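J.: Residues per chain are reported as follows:
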Amino acid sequence: DTEVTQTPKHLVMGMTNKKSLKCEQHMGHRAMYWYKQKAKKPPELMFVYSYEKLSINESVPSRFSPECPNSSLLNLHLHALQPEDSALYLCASSQVPGDSNQPQHFGDGTRLSIL
Amino acid sequence: RKEVEQDPGPFNVPEGATVAFNCTYSNSASQSFFWYRQDCRKEPKLLMSVYSSGNEDGRFTAQLNRASQYISLLIRDSKLSDSATYLCVVNKGKLIFGQGTTLQVKP
Chain D
1 DTEVTQTPKH LVMGMTNKKS LKCEQHMGHR AMYWYKQKAK KPPELMFVYS
51 YEKLSINESV PSRFSPECPN SSLLNLHLHA LQPEDSALYL CASSQVPGDS
101 NQPQHFGDGT RLSIL
Chain B
1 RKEVEQDPGP FNVPEGATVA FNCTYSNSAS QSFFWYRQDC RKEPKLLMSV
51 YSSGNEDGRF TAQLNRASQY ISLLIRDSKL SDSATYLCVV NKGKLIFGQG
101 TTLQVKP
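In order, the protein sequence lines correspond to chains D and B.
Once you know that position 15 of the first sequence is 15 in the numbering used here, the rest is easy, because the numbers rise by one and skip nothing.
Once you know that position 87 of the second sequence is 87 in the numbering used here, the rest is easy, because the numbers rise by one and skip nothing.
Only chain D is shown next, with the shape it has when bound in the complex:
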């Protein structure tokens, strides 16, 4: 069982809908991440939060809006998505921001389909 939990597991939404993906970890990790993964491709980094502050935005379109309400929670708000945004969205966390020796631990993802 993963120690990073993501909800929902599956999400189908229309291009005009607004929805949110949620991620939670209780390992005391202070770095949290959002990745996007298309089929047969590796994960691509979207956002990094360090100590609840956004530290990296990999030029992600504004229709994706991250939020970190506290050290255990990470949200990804979705609005006006496109069909090409259909993918597996993975949340990850690691212990200490900036410590590259710390591995990241992934949640089991939200499989998103845009109609």
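Derived by calculation from the structure, the hints in this document are not laboratory data.
All figures in this text were calculated on a predicted structure; none of them were measured in a lab.
Treat the hints with care, as some may be off.
Said to hold, decoys possible - As a list, the in silico SDA-like pairs of lysine to any residue whose alpha-carbon atoms are at most 20 Å apart: (1) K94(B) x M48(B); (2) K18(D) x N75(D); (3) K42(B) x M46(D); (4) K92(B) x K40(D); (5) K92(B) x V96(D); (6) K94(B) x E52(D); (7) K94(B) x Q95(D); (8) K41(D) x Q104(B); (9) K41(D) x A87(D); (10) K2(B) x E44(D); (11) K106(B) x D77(B); (12) K22(D) x R41(B); (13) K38(D) x D39(B); (14) K40(D) x T102(B); (15) K94(B) x R37(B); (16) K45(B) x V96(D); (17) K45(B) x T5(D); (18) K18(D) x E52(D); (19) K92(B) x A31(D); (20) K45(B) x M27(D); (21) K40(D) x D77(B); (22) K92(B) x N57(D); (23) K18(D) x E84(D); (24) K38(D) x F64(D); (25) K42(B) x S55(D); (26) K45(B) x M46(D).
Chain D is fixed; fit chain B onto it per the hints.
T.: Relative to the frame of chain D, chain B by itself:
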């Protein structure tokens, strides 16, 4: 040229075989290295970190050669449950993933 390169495979091997995966990276400033395993439609899971001195975890051995910018993973006595995609990952402040190498272990 990709920052992290892996042979995508697939590698099809019989149970009990020994199989090795290689990975090269282009950025000499890369700081740490990992192998992750990803099953179909599942999340990546950390298999092992890779240290310069080489490290072993049961049937799995990882090696790092910083001079050649080369990482390897050796799996001995392959099991059916080892079938998965193995991702070579380099951390240079953020994770850079290779494309993954697919392993199929056959009975």
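J.: Which numbered hints are broken by the structure, listed smallest first?
T.: Per hint list: 4, 18, 21 and 25 violated.
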